[in-house]
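Okay, here's what each chain looks like letter by letter:
There are 2 protein chains.
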Amino acid sequence: MIQVAILGFGTVGSGVAEVLEMNQKEIARGAGEALCLKYILDTRVFPDSPFRDRLIHDFSVVESDPEVKIVAECIGGVGVAYDFVTRCLKAGKHVVTSNKEMVAKYGDVLLKIAQEQGVNFLFEASVGGGIPILRPLMSCLTANRIEEICGILNGTTNYILTKMIDDGEEFDTVLKQAQEMGYAERDPSADVDGHDACRKICILADLVYGVHVDPDQVATVGIRNISVETVAFADIAKMRIKLLARVFPREDGKLAVFVAPHFVPAKNQLAHVDDVFNAVQVRGNAVGETLFYGRGAGKLPTASAVVGDMIDAAVHLDKRRDLSWSSAQENYLADVRDIPLVWFVNVSDGEDAVRAALPEARILGRDSDSCGFLTGPMALSELEKCGLHRIEQYPVLSD
Amino acid sequence: MIQVAILGFGTVGSGVAEVLEMNQKEIARGAGEALCLKYILDTRVFPDSPFRDRLIHDFSVVESDPEVKIVAECIGGVGVAYDFVTRCLKAGKHVVTSNKEMVAKYGDVLLKIAQEQGVNFLFEASVGGGIPILRPLMSCLTANRIEEICGILNGTTNYILTKMIDDGEEFDTVLKQAQEMGYAERDPSADVDGHDACRKICILADLVYGVHVDPDQVATVGIRNISVETVAFADIAKMRIKLLARVFPREDGKLAVFVAPHFVPAKNQLAHVDDVFNAVQVRGNAVGETLFYGRGAGKLPTASAVVGDMIDAAVHLDKRRDLSWSSAQENYLADVRDIPLVWFVNVSDGEDAVRAALPEARILGRDSDSCGFLTGPMALSELEKCGLHRIEQYPVLSD
Numbered sequence: 002m003i004q005v006a007i008l009g010f011g012t013v014g015s016g017v018a019e020v021l022e023m024n025q026k027e028i029a030r031g032a033g034e035a036l037c038l039k040y041i042l043d044t045r046v047f048p049d050s051p052f053r054d055r056l057i058h059d060f061s062v063v064e065s066d067p068e069v070k071i072v073a074e075c076i077g078g079v080g081v082a083y084d085f086v087t088r089c090l091k092a093g094k095h096v097v098t099s100n101k102e103m104v105a106k107y108g109d110v111l112l113k114i115a116q117e118q119g120v121n122f123l124f125e126a127s128v129g130g131g132i133p134i135l136r137p138l139m140s141c142l143t144a145n146r147i148e149e150i151c152g153i154l155n156g157t158t159n160y161i162l163t164k165m166i167d168d169g170e171e172f173d174t175v176l177k178q179a180q181e182m183g184y185a186e187r188d189p190s191a192d193v194d195g196h197d198a199c200r201k202i203c204i205l206a207d208l209v210y211g212v213h214v215d216p217d218q219v220a221t222v223g224i225r226n227i228s229v230e231t232v233a234f235a236d237i238a239k240m241r242i243k244l245l246a247r248v249f250p251r252e253d254g255k256l257a258v259f260v261a262p263h264f265v266p267a268k269n270q271l272a273h274v275d276d277v278f279n280a281v282q283v284r285g286n287a288v289g290e291t292l293f294y295g296r297g298a299g300k301l302p303t304a305s306a307v308v309g310d311m312i313d314a315a316v317h318l319d320k321r322r323d324l325s326w327s328s329a330q331e332n333y334l335a336d337v338r339d340i341p342l343v344w345f346v347n348v349s350d351g352e353d354a355v356r357a358a359l360p361e362a363r364i365l366g367r368d369s370d371s372c373g374f375l376t377g378p379m380a381l382s383e384l385e386k387c388g389l390h391r392i393e394q395y396p397v398l399s400d
Numbered sequence: 002m003i004q005v006a007i008l009g010f011g012t013v014g015s016g017v018a019e020v021l022e023m024n025q026k027e028i029a030r031g032a033g034e035a036l037c038l039k040y041i042l043d044t045r046v047f048p049d050s051p052f053r054d055r056l057i058h059d060f061s062v063v064e065s066d067p068e069v070k071i072v073a074e075c076i077g078g079v080g081v082a083y084d085f086v087t088r089c090l091k092a093g094k095h096v097v098t099s100n101k102e103m104v105a106k107y108g109d110v111l112l113k114i115a116q117e118q119g120v121n122f123l124f125e126a127s128v129g130g131g132i133p134i135l136r137p138l139m140s141c142l143t144a145n146r147i148e149e150i151c152g153i154l155n156g157t158t159n160y161i162l163t164k165m166i167d168d169g170e171e172f173d174t175v176l177k178q179a180q181e182m183g184y185a186e187r188d189p190s191a192d193v194d195g196h197d198a199c200r201k202i203c204i205l206a207d208l209v210y211g212v213h214v215d216p217d218q219v220a221t222v223g224i225r226n227i228s229v230e231t232v233a234f235a236d237i238a239k240m241r242i243k244l245l246a247r248v249f250p251r252e253d254g255k256l257a258v259f260v261a262p263h264f265v266p267a268k269n270q271l272a273h274v275d276d277v278f279n280a281v282q283v284r285g286n287a288v289g290e291t292l293f294y295g296r297g298a299g300k301l302p303t304a305s306a307v308v309g310d311m312i313d314a315a316v317h318l319d320k321r322r323d324l325s326w327s328s329a330q331e332n333y334l335a336d337v338r339d340i341p342l343v344w345f346v347n348v349s350d351g352e353d354a355v356r357a358a359l360p361e362a363r364i365l366g367r368d369s370d371s372c373g374f375l376t377g378p379m380a381l382s383e384l385e386k387c388g389l390h391r392i393e394q395y396p397v398l399s400d
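Those protein sequences? They're chains P and S, same order as listed.
With the working numbering as the guide, the letters of the first sequence map in order to residues 2 to 400.
With the working numbering as the guide, the letters of the second sequence map in order to residues 2 to 400.
The following block holds chain P by itself, in its conformation from the complex (with noise of 0.2 angstroms):
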């Protein structure tokens, strides 16, 4: 038996708690024995838990407990949750984790002191919720040199979009919907302006290429312009909008990772991930394209990740992971205003305008103030130099 402790008795905590005592005998055979949850940490009280007997208050507790093997940590954030876990790591304790924003930007230091004190440090929740994406990258993929990661990797936003796409919606209108209906925080910036997806897309970089990418430096464009009438543009290109994380390397060994809504044509995959649903596209050469699909948040979902770790720490218990990534490099990210992308451009130019600056744009539709169309591969650098009127823009994802 594997004495294991919760730090944080939030959503994804008590999920974590419930799917211990929900799937004991699947867990226990994964793990090779029962794993018994000892604590669990929070500042408040939930006299009607369930496993209020179990609630501490005092993290030493865990800390000096040298029957706590593995801590699931479950708080989030960058405060206490990164101070806690350096404290179970350095307590020779294993760390699991869901918090994507600790690990994008302080997953390599993290991991070197794993790495020195032997113990593993696990965190398949944080990106894709409950989808395997981080471990197939690890230890499937590994024959391969990874061409592109290209993933639908934030629930709210994808559900905004599913909404605005099929109900002809705005973006204010759907947003309040989705608060109201608790699919988006009542601040929702993280979301909606990318930046969820831009910690994760940073971690599949990390892990992936493995140097640390700034999620700070990573040119990242939410959702919050985007407009009805575009969304009835990519309706007739036959594509659906979705708010996509990229990375890929360029010949020049540098990286491009970037976050903004796309253009997906409907042949791809990734236009048929609707609603809450998140799905990673990986292509390597070897392989060619795989895809990962699920559930990228909600309590369960998120759970069974998370104990899917303690589980592999539990099975690893004496031989770690090799896993780390390098700090971050000088000029190791590649401009994307010098990508050559197809974009969608819709100007306040007329045709016969649009037609002059870009001979080979494939025009969708216009009305007497506006104009829809699609490039041919070009920088962003070189659109803005066009002369047209640019009111919305964004790239098209490839076939």
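In case anyone wonders, no lab produced these hints; they're calculated from the structure.
The model shown is predicted, which means the values in this text are computed figures rather than measured ones.
Note that beta-carbon positions come from the ideal geometry of N, C-alpha and C, so glycine has one too.
Within a straight-line C-alpha distance of at most 27 angstroms, the following computed DSSO-like cross-link-like pairs (lysine-lysine) qualify: (1) P/Lys320 - S/Lys91; (2) S/Lys239 - P/Lys164; (3) P/Lys113 - S/Lys320; (4) S/Lys177 - S/Lys300; (5) S/Lys70 - P/Lys320; (6) P/Lys320 - S/Lys26; (7) P/Lys239 - S/Lys164; (8) P/Lys268 - S/Lys300; (9) P/Lys26 - S/Lys255; (10) P/Lys268 - S/Lys239; (11) P/Lys26 - S/Lys113; (12) S/Lys106 - S/Lys70; (13) S/Lys320 - P/Lys320; (14) P/Lys239 - S/Lys239; (15) S/Lys268 - P/Lys268; (16) S/Lys39 - S/Lys70; (17) P/Lys164 - S/Lys268; (18) S/Lys320 - P/Lys26; (19) P/Lys300 - S/Lys268; (20) S/Lys320 - P/Lys70; (21) S/Lys164 - P/Lys268; (22) P/Lys91 - S/Lys320; (23) P/Lys268 - S/Lys177.
Label-pair distances were calculated between CB atoms; the ranges are: (24) S/Asp173 - P/Arg146: 40 to 50 angstroms; (25) P/Arg146 - S/Ser61: 33 to 43 angstroms; (26) S/Ile364 - P/Ala380: 50 to 60 angstroms; (27) P/Val81 - S/Lys239: 44 to 54 angstroms; (28) P/Ser369 - S/Lys268: 33 to 43 angstroms.
Fit chain S to the supplied structure of chain P, relying on the hints for placement.
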């Protein structure tokens, strides 16, 4: 540096050699050291192959060379391949394979030998080609009770069905085209009669539910008898016809395992898996629905999974993965004729006869001598007693 060998220099074997060469750097990073291809065993000669210096014809060279730590079996079938794999394991070598026929038939036996010898026997490539599926199931979704696995596991039949749907062609016509294009074998039975998909779902069932499922005992219906009328009926019902292989536990503890063409609602991700692509849907009681998509066959995709397993074996040279399942048990499989399913049925009776026999039926269409409809949930054994003259019948996948 770890010395490895390939048995069989056909499509998969030559792909493995190619990937080992092409992605040396990535492979060394994943394995912690370089994998060096020492031998390729084949009865044939390949005077023009860049790997000709590694070719040997005598298996005992591999078997008796203690330097060779990892062997990739790419011969196929259950004759010489089974003999060689057994002998490699007994010689203390780790073995990886893409051979679904051998794993489906003798997986329990081979895993037992591997366990006795303390070596790995890995077979990610045997299901879903390049798609990571076995390892995610066994090391990411371990915190779940797996409620169902449902997959498009054969690329040839999926290609044929896609063409039948998109072009409205008859099965025989499309099969002939597929044979001409090399997508189908001259003797297409293993694919079109569902045996290949059957072997793969058996391997998934073995791993997840821990007991050997004999492919010969699995109810298996192929795609030979699907008519263009049925394809059209599916379209009317906003569904697409797909050959699905399914496994789920029933309430009485028995396992339902079957392969059959299904009507798949357009809302289900599986409906959008086209051409030679495969996909496996896994539903867990914590994670909900997940899907794994990619190329289920082909030289490099399959080699990607084989070499991925070689890397995993290299990482675990001294610690074997604890995979096993017990031998077949009496009365372990449910009788699929007793499982309540929604059915599409095409009968040579009039609409009135259908309404009289099955009042809940949803009529999709009729002409003078046939009527196509969907039933409510009912067992096949009940359907057979309804007194209608059934021409074709296929289960409908629930939303």
